[in-house]
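Q: Just so you know, the sequences run in chain order X and Z.
Just so you know, the numbering used here puts the end of the first sequence at 430, numbered straight through with nothing missing.
Just so you know, the numbering used here puts the end of the second sequence at 326, numbered straight through with nothing missing.
Hints are supplied without guarantee of correctness; some may be wrong.
What the hints assert, rightly or not - EDC-like cross-link-like pairs, simulated, lysine to aspartate or glutamate; straight-line CA separation at most 20 Å:
(1) Z:Lys-3 x Z:Glu-229
(2) X:Lys-176 x Z:Glu-229
(3) Z:Lys-252 x X:Asp-393
Claimed, not checked - Have a look at the derived ranges for each label pair, beta carbon to beta carbon:
(4) X:Gly-284 x Z:Asp-282: 42 to 52 Å
(5) Z:Gly-227 x X:Gly-27: 28 to 38 Å
(6) Z:Lys-39 x X:Arg-143: 54 to 64 Å
(7) X:His-227 x Z:Asp-282: 51 to 61 Å
(8) Z:Lys-194 x X:Val-204: 39 to 49 Å
Calculated from the structure, these hints are not laboratory results.
Note that the Cβ used here is the ideal one computed from N, Cα and C, for glycine as well.
Below are the chains, spelled out letter by letter.
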Amino acid sequence: MAEAILMISLSPTMEKGTIAGWQKAVGDSITTGDLICEVETDKATMDYESTQEGTLLSILVDQGGSAKVGDPIAIVGKEGEDIAELEAKLKKQLASSEGDEKATTPKETSSPAQEKAKQASAAASPPAHRESHAGPAGSDDGRLKASPLARRLAQEAGIRLDALTGSGPGGRIVKKDIETAKTAGAYAPSPVQSRVPGRMQDRVEPVSGKRAIIAKRLSESMRQAPHFYLDIDVEASRLARLRDSLNRPRQKRGEEKLSFNAFLIKLVAEAITRNQNINASWEGDSIRYYGSVDIGLAVAQKEGLITPVVRNCEAKGIAAIDEELKELIPRAQAGRLTPEEYEGASFSITNLGSWGISRFTAVINPPASAILAVGALRQVPVPDEELGFRFVDTMTLTLGCDHRVIDGAVGAAFMADLKSMMEEPGMVLL
Amino acid sequence: MAKIAFREAIRQAIEEEMRRDDSVLLMGEEVAQYNGAYKVTQGLLETFGSKRVIDTPITEEGFTGMGIGAAMAGLRPIVEWMTFNFSLMAIDQVISNAAKTRYMSGGQFKIPMVIRGPNGPAEFLASQHSQALQSFYAHIPGLKVVAPSTPYDAKGLLKSAIRDDNPVIFLEAELMYSWEGEVPAEEYLIDLDKADVKRAGKDVTLIAHSKPVRMMLQAAEKLAEEGIEAEVIDLRSLRPIDTETIYKSVRKTNRCVVVDEAWPVASVGSHIGFLVGRDCFDYLDAPVQLVSGEDVPMPYNHRLELAAQPSVEKVVRAAKSVLYVD
Chain X
1 MAEAILMISL
11 SPTMEKGTIA
21 GWQKAVGDSI
31 TTGDLICEVE
41 TDKATMDYES
51 TQEGTLLSIL
61 VDQGGSAKVG
71 DPIAIVGKEG
81 EDIAELEAKL
91 KKQLASSEGD
101 EKATTPKETS
111 SPAQEKAKQA
121 SAAASPPAHR
131 ESHAGPAGSD
141 DGRLKASPLA
151 RRLAQEAGIR
161 LDALTGSGPG
171 GRIVKKDIET
181 AKTAGAYAPS
191 PVQSRVPGRM
201 QDRVEPVSGK
211 RAIIAKRLSE
221 SMRQAPHFYL
231 DIDVEASRLA
241 RLRDSLNRPR
251 QKRGEEKLSF
261 NAFLIKLVAE
271 AITRNQNINA
281 SWEGDSIRYY
291 GSVDIGLAVA
301 QKEGLITPVV
311 RNCEAKGIAA
321 IDEELKELIP
331 RAQAGRLTPE
341 EYEGASFSIT
351 NLGSWGISRF
361 TAVINPPASA
371 ILAVGALRQV
381 PVPDEELGFR
391 FVDTMTLTLG
401 CDHRVIDGAV
411 GAAFMADLKS
421 MMEEPGMVLL
Chain Z
1 MAKIAFREAI
11 RQAIEEEMRR
21 DDSVLLMGEE
31 VAQYNGAYKV
41 TQGLLETFGS
51 KRVIDTPITE
61 EGFTGMGIGA
71 AMAGLRPIVE
81 WMTFNFSLMA
91 IDQVISNAAK
101 TRYMSGGQFK
111 IPMVIRGPNG
121 PAEFLASQHS
131 QALQSFYAHI
141 PGLKVVAPST
151 PYDAKGLLKS
161 AIRDDNPVIF
171 LEAELMYSWE
181 GEVPAEEYLI
191 DLDKADVKRA
201 GKDVTLIAHS
211 KPVRMMLQAA
221 EKLAEEGIEA
231 EVIDLRSLRP
241 IDTETIYKSV
251 RKTNRCVVVD
261 EAWPVASVGS
271 HIGFLVGRDC
281 FDYLDAPVQL
291 VSGEDVPMPY
301 NHRLELAAQP
311 SVEKVVRAAK
321 SVLYVD
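Using the sequences and the hints given, assemble the complete structure.
A: In structure tokens:
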């Protein structure tokens, strides 16, 4: 009996393929493994080897034409077989598939072409009985409709449901569609063979709620905020000396040392007060400039990053900031922060210096419009008139900016001020 | 094997059990001198005498209650309701006493009784006399509810029901009394908790009980003409329900149509639909369909009366809808 040859997925991300050329003509006989056509995927031009046998009876998608994965592209069967009905049905299905695509293109009013596509799509769905409409019908809401059985079979066979066209009411994918897809080979490659057990093994773990939120927020940030980055090298010797001189008496009194991060946060807050456009959020039709400098510091924990926020840094001294950090960071690591303690930073700092990372870029943590990535302190030789050269403690700071809010010059001015203050902390007193 | 009518199969079951056990007795309106309103009890008065085959007044609540009392006292009464439409007069006795006494007495009293009679729509009887009330009884814990579809099943199930120590509601149907079927001469019993696969098939499962089973078999014939192999399951027992047989079939066919001539809301059919939806979810290729009586009182007009009930055409259409066939 004649059957459709379907467009198959020739790469993991392929959703649609264009026929680069047919290697078989109508009337040619096909056996398994024969090259029937070449398909341009999103990545390359691939050979389509047949998994079906018979005579090529009809080509539904000509050279240059494209089809979604799971759409019919040709018909194979016995020589001389009557395929008029099947051909008409598959052409309708193709038209409906194209129609779906057109219908999803955002346009305010529906053009005559769209109307036609809609009608074709309606004509392609089989007329359902009153009873069969008992359940939710129609995939107008964009939801993928598949019977529970079809979902299970697809999962077992490694077939992506969204690559198939459903033949049930309202386009529901049913068992038959999965079976057709299986024979057409439109499913994921077979599992890797001959895997030798070693020290490492494949592991699949469900995504935790926290990881899912991190993934969602950072993806949104990266997609929506046009990021640009500014690097600057900062000599940190004076800041290190200042920190030592302030910590020595504290240690004598038996107090804990002030952390480097507390100094950094204070100096960033001071630089922000001099460049207030950094401390802002994009709100679509307006930009919000914050009246306080609330700095989030990225802290690694088991299930992902969290950014405890030190509020009103512009009004606090280093000791006060340090005290807050010493309280917040252990709780952040233990996953015990409340949402108000880690949400709503107007600026963020992330520091990978302790891992020896000299320079890196970070994804902006919304609603902030900028994030400062702090690299490791390293000894860099610089020219010296008397000695020829000398080693200087240097660190590279990288500012990630949302270009919708912060322009290059604004970001650069902030970085220049921050560099001056870090290299000559006394400037903060001015 | 002898071919006998449904009414004769029931009569044989009663007679054999009355011979076997002296404590079995029969009571109801016109069961003795008139030989039964549907001639089911023909000749039993002559055989067993008026102490064991007892005519009662038209007092369903009274004689049902008396039957329950007789069962508590150690007898095994068979109470005939002339029709289940009249059973509503006795519903308090059934729900409050028959169903509960064994439980509430901590097992000190058993209620080994059978209440039987015609249930479901017949013809030209209008809305008060043509009702399928099985869900009323299947709803109540403490009762067993049985609904045979053939003379063979009727005899084997009724004999088991009479020997059971719990109250068993035994549903017959007026139109079935003259249906004939093969019944062996030798004694046999059928378990009260087993469904029966009346026809094997691989494409769609049709589930029903009592009278509509024959309609399903006819629908299966029609479907077979179109190359569709329907599996027909006769529930036989509505409480307990043999879910194992149902699930086995649905997991094979992936499609299910339930037929129940009762109204659709809160019915045995809708409960089966729920069970299949819950326990065979990952095996279903289409939503479960229910072909039921229409959700209205039974019309008297004959064409409307037939239109309000399940039919072979309705079953065929539902089967095709779950197969996504036009």
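Q: Next step is simple, just say for each hint if it's right about the structure.
A: Hint check results:
About 28 Å separates the Cα atoms of Z:Lys-3 and Z:Glu-229, which puts this hinted pair outside 20 Å; it is violated. The hinted pair formed by X:Lys-176 and Z:Glu-229 meets the criterion: a straight-line CA distance of about 16 Å does not exceed 20 Å. At roughly 75 Å between alpha-carbon atoms, Z:Lys-252 and X:Asp-393 are farther apart than 20 Å, so this suggested pair is violated. Checking the proposed 42 to 52 Å range against X:Gly-284 and Z:Asp-282 shows it holds: the Cβ atoms sit about 44 Å from each other.
Checked against the hint of 28 to 38 Å, the C-beta distance between Z:Gly-227 and X:Gly-27 comes to roughly 31 Å, which is consistent with it. Between Z:Lys-39 and X:Arg-143 the beta carbons are some 59 Å apart, a value that agrees with the proposed interval 54 to 64 Å. About 44 Å separates the C-beta atoms of X:His-227 and Z:Asp-282, a value inconsistent with the hinted range of 51 to 61 Å. The hinted window of 39 to 49 Å between Z:Lys-194 and X:Val-204 holds, with their beta carbons roughly 43 Å apart.
The structure does not agree with the numbered hints 1, 3 and 7 stated previously, though it agrees with the rest.
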